[in-house]
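A.B. asks: Between the sequences and the hints, there should be enough to build the whole structure, so can you do that?
Each chain is listed here by its residues.
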Amino acid sequence: MIEIAIALLLLLVSAVASSVIERRHFVRIEQEEAQLSQVLIFNEKQPPPHASLVKQSLVSGSVVLGASYFKTFVTAIQGIFGGRLGHYESSIEGARREALIRLRRAAHAQGANMVINVRLETSSISKQGNKQTVGAVEILAYGTALHVPK
Amino acid sequence: MTYSNAPVPKNANISDDNRGFRHLMLLLLMVVGLFGVGIFSLFKLASWGAGFVPFKYETMLAQQVATLPFSASNSKADPDVIAAQSYLQELANTAARAQNLPADMPITVHLVLDDTVNGFATLGGHVILHQGLLERLPSENALMMLLGHEIGHVYHRHPIRSVSGAVVGGLFVEFITGGSGWGAALIGEQASRLLINGFSRDQERQSDAYGAEVLQRVYGHTTGARQLFEVLQAEEGNFGPRFEMLSTHPNTKARAKGFQQATQHPLTALKVDFSDLK
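As they're listed, the protein sequences go chains A and B. Letter 19 of the first sequence, counting from 1, is numbered 19 in our numbering, and no numbers are missing. Letter 54 of the second sequence, counting from 1, is numbered 1054 in our numbering, and no numbers are missing.
Hints are computed from structural coordinates only; laboratory data are not their basis. For each residue, glycine too, the CB sits at the ideal point set by N, CA and C. Careful, some of the hints might be misleading.
[To be verified] Partner residues are not named here, just some residues of chain B that face chain A (Cβ under 8 Å, in silico):
# : residue
1 : Tyr1003
2 : Ile1014
3 : Ser1015
4 : Met1105
C.D. replies: Structure follows, in structure tokens:
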């Protein structure tokens, strides 16, 4: 009985905490996206014709995302019935945007204002052999930073 | 050529209908429903199927799983205890004969010398009677009702039905929860409850009817049943939870009611004084 009570308490704490953290995260993401709006990102392979190709460099931004206890619990139940995993979708969305922000920040630090050939990659780092450990994924965004005169 | 990044649309990739408290509640309700229906159907199916298991297998199972702790007390060489034990066995045999109990369904009565006010039947036709209950019985008729009731459990295969239901239900829980141990705990709990008395109310009523039949056939009346229920009712008032048997049994008043109309018939005295045994 005590185990069930502890599990319920953890779930409650996790639900409240993850909801607050996620809401704050999205607020910060929007602010940073606005701040870095001068760094443009595209998946186009070719640089713009007037771009300065003197200095190009590879930039990347990566985020490791772990699902909360609450989200894992709800998603495990949802997994019985299938369908969209709304709780994971919001986490992944946040992580993807965060990775792009980090990519832009890296480009901005090098004096670039455009990143072309942007690619996103996701890899699960939660598996050790066949055993599922902590639920976590890495989202990596990378591309080529350029300076494009206005 | 102009280059620009459009602002990221809000929640474009998030399904809002699949989140939130209401969604979680709906999921939990579905899970609990499925789980409940699954466990209930399996329990019922296994209980029903267990009735077809030949009794000799139940006896074998009893030998394997039941380390009968109560048997130890019977090894005492006290002649009074041995006499009391054989008296109980004799009464059980009389009841079995009166009801034409199948020959391959032997009843073995165990007397436990302690104050616990309880009696129960378990796997393999073993009937366990505690001294605490026996010494409160006013007549042989009441004792016969008790024995008849417990033999009724054996005859209707209640112990193996309960165990099978619990095992299959527990395995289901274990399967669903991925070896969490909850299912095993359920099996363990059910098994230990069986040793106290883990039969359903319907099963208790069935056994009451069986006990009354025994009384009718052996003594020609069912006054013993009323006496037994009077004792149980008194104990219920005196001891409450200590009288474990009542926790799962149907309401004693309701059970006694069925026998209230019986007119007073001459009763047979007990041939052993159970309060004297040590």
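A.B. asks: Please go over all the hints and tell whether each is borne out by the structure.
C.D. replies: These are the hints, each one checked on the structure:
1. Tyr1003: Holds, about 5 Å.
2. Ile1014: For Ile1014 (chain B), the interface hint holds, since the closest Cβ of chain A sits about 5 Å away, which is under 8 Å.
3. Ser1015: 4 Å, holds
4. Met1105: Interface hint status for Met1105 (chain B): violated (39 Å vs cutoff 8 Å).
Hint violations for this structure: number 4 only, all remaining hints satisfied.
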